[in-house]
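Student: Sequence:
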Amino acid sequence: MQGQIISHYKLLECIGQGGMGIVYKAEDIRLKRPVALKFLTPELLQSESEKRRFLQEARAAATLEHPNICTVHEIDEVGGQVFISLAYVEGETLKDKIEKGPLPSEEVVDIALQIAEGLREAHEKGIVHRDLKSANIMVTPRGQVKIMDFGLAQVDGKATVTSEGKSLGTPAYMSPEQIRRERVDHRSDIWSLGVVLYEMLTGALPFQGANEHEMMYAILMDDLPQPLPVPPQWAPIISRCLQKQAEKRYPSVEALLDDLQKLKKIQERKFEKRTRFFLATIAIILGVILATLFLLFHPFRGGTGTERIPVVVADVTNETDEAALNSLSGMLITALEPSR
Numbered sequence: 113m114q115g116q117i118i119s120h121y122k123l124l125e126c127i128g129q130g131g132m133g134i135v136y137k138a139e140d141i142r143l144k145r146p147v148a149l150k151f152l153t154p155e156l157l158q159s160e161s162e163k164r165r166f167l168q169e170a171r172a173a174a175t176l177e178h179p180n181i182c183t184v185h186e187i188d189e190v191g192g193q194v195f196i197s198l199a200y201v202e203g204e205t206l207k208d209k210i211e212k213g214p215l216p217s218e219e220v221v222d223i224a225l226q227i228a229e230g231l232r233e234a235h236e237k238g239i240v241h242r243d244l245k246s247a248n249i250m251v252t253p254r255g256q257v258k259i260m261d262f263g264l265a266q267v268d269g270k271a272t273v274t275s276e277g278k279s280l281g282t283p284a285y286m287s288p289e290q291i292r293r294e295r296v297d298h299r300s301d302i303w304s305l306g307v308v309l310y311e312m313l314t315g316a317l318p319f320q321g322a323n324e325h326e327m328m329y330a331i332l333m334d335d336l337p338q339p340l341p342v343p344p345q346w347a348p349i350i351s352r353c354l355q356k357q358a359e360k361r362y363p364s365v366e367a368l369l370d371d372l373q374k375l376k377k378i379q380e381r382k383f384e385k386r387t388r389f390f391l392a393t394i395a396i397i398l399g400v401i402l403a404t405l406f407l408l409f410h411p412f413r414g415g416t417g418t419e420r421i422p423v424v425v426a427d428v429t430n431e432t433d434e435a436a437l438n439s440l441s442g443m444l445i446t447a448l449e450p451s452r
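Under my numbering, the residues of the sequence shown are numbered 113 to 452, in order.
What the hints contain is simulated information worked out from the structure, not anything from laboratory work.
Being a predicted model, the structure only gives us computed values, none of them experimental.
Incorrect hints may have been included.
Stated by the list, open to error - Keeping only pairs whose Cα atoms sit at most 25 Å apart, straight-line, the calculated SDA-like set for lysine to any residue is:
1) Lys-163 x Gln-114
2) Lys-122 x Ser-161
3) Lys-209 x Asp-188
4) Lys-209 x Ala-358
5) Lys-356 x Leu-402
6) Lys-122 x Ile-134
7) Lys-237 x Glu-177
8) Lys-356 x Ile-291
9) Lys-360 x Leu-225
10) Lys-360 x Lys-163
11) Lys-374 x Arg-232
12) Lys-360 x Glu-380
13) Lys-163 x Ala-199
14) Lys-212 x Lys-360
15) Lys-360 x Glu-294
16) Lys-374 x Glu-229
17) Lys-374 x Gly-315
18) Lys-163 x Lys-237
19) Lys-209 x Glu-236
20) Lys-374 x Gly-399
21) Lys-207 x Lys-122
22) Lys-212 x Leu-336
23) Lys-163 x Gly-203
24) Lys-376 x Glu-219
25) Lys-377 x Lys-356
26) Lys-356 x Pro-337
Using the sequences plus the hints, can you model the full thing?
Tutor: Right, dumping it as structure tokens:
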């Protein structure tokens with residue numbers, strides 16, 4: 113299909129493919145802007161239920177206008193091809209970022225806040241994503257987060273358009289109630305976000321298995337590793353997100369946002385303390401260097417040549433909670449010997 117013109121779009125390159133659809137980067141010939149076009153796979157196009165599910169994604173996402181949710185421009189059907197036109201997002205998926213290694217806590221809280229803000233918008237409109245995962249989250253070069261792919265979205269608590277009793281979602285991120293094929297609500301998205309938080313901080317998934325069945329069994333039956341291999345301040349947040357019983361999780365994304373914002377403020381205060389500590393240390397070191405240079409090039413006269421010249425330097429206290437900086441806190445220089 114590359115190079116083909118469909119409606120007022122010119123297909124440029126295939127940029128993604130999943131079990132449900134194929135995504136192309138395209139040019140909107142009328143508006144001269146890049147877009148992403150998502151098509152149903154030829155196999156699913158033959159299924160009326162899958163076609164309805166595909167259109168459900170577009171309609172669900174089209175009702176959402178938020179900086180952290182990918183914008184839907186239009187839905188169209190040309191020559192039997194049903195497609196969704198989406199805003200083209202420059203950047204990389206969160207999954208790709210994580211594959212390079214765990215992310216620093218400061219970056220994780222920024223990304224988490226944006227994901228939660230986007231989910232809050234969806235939940236307020238009665239939309240549950242149901243397939244939130246790192247591969248469905250884009251991060252732009254400027255650090256802006258965009259939630260993608262509302263293909264499994266459930267609107268206003270209505271049942272999915274697919275067959276009754278069929279589990280939907282990506283196993284590693286599915287909540288226990290999804291695996292049990294029960295009706296889900298916004299708390300299922302909170303579980304999935306908890307998995308993403310764990311994944312960002314550790315580079316791994318909290319529940320694992322050799323295959324999908326083992327992974328789903330682990331989600332249903334296994335406890336989280338204790339202690340959690342995450343920074344201590346993150347442990348209570350992730351533990352609450354990943355409670356097996358939905359009623360024990362955060363009652364809403366709003367409540368989760370409150371804890372994330374508190375965590376961000378704590379991190380900002382630590383950063384300010386760390387900055388002040390480093391600046392004070394640098395000032396002391398510079399003072400000692402200047403004093404040493406002064407004594408070297410302006411020797412005292414009339415002394416014995418062995419007397420010590422006292423130089424008082426204030427003690428430095430490490431208030432940053434960073435153990436690696438403790439060795440600097442004992443820096444107290446008491447005297448310097450003058451040049452002869």
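Student: All hints are to be evaluated individually against the structure, with a verdict given for each.
Tutor: For each hint, the structure was consulted:
no. : hint              : verdict
1   : Lys-163 x Gln-114 : 23 Å, holds
2   : Lys-122 x Ser-161 : 28 Å, violated
3   : Lys-209 x Asp-188 : 33 Å, violated
4   : Lys-209 x Ala-358 : 29 Å, violated
5   : Lys-356 x Leu-402 : 62 Å, violated
6   : Lys-122 x Ile-134 : 15 Å, holds
7   : Lys-237 x Glu-177 : 11 Å, holds
8   : Lys-356 x Ile-291 : 11 Å, holds
9   : Lys-360 x Leu-225 : 21 Å, holds
10  : Lys-360 x Lys-163 : 36 Å, violated
11  : Lys-374 x Arg-232 : 17 Å, holds
12  : Lys-360 x Glu-380 : 29 Å, violated
13  : Lys-163 x Ala-199 : 21 Å, holds
14  : Lys-212 x Lys-360 : 33 Å, violated
15  : Lys-360 x Glu-294 : 17 Å, holds
16  : Lys-374 x Glu-229 : 15 Å, holds
17  : Lys-374 x Gly-315 : 24 Å, holds
18  : Lys-163 x Lys-237 : 23 Å, holds
19  : Lys-209 x Glu-236 : 29 Å, violated
20  : Lys-374 x Gly-399 : 38 Å, violated
21  : Lys-207 x Lys-122 : 28 Å, violated
22  : Lys-212 x Leu-336 : 24 Å, holds
23  : Lys-163 x Gly-203 : 29 Å, violated
24  : Lys-376 x Glu-219 : 10 Å, holds
25  : Lys-377 x Lys-356 : 29 Å, violated
26  : Lys-356 x Pro-337 : 14 Å, holds
In summary, the numbered hints that this structure violates are 2, 3, 4, 5, 10, 12, 14, 19, 20, 21, 23 and 25.
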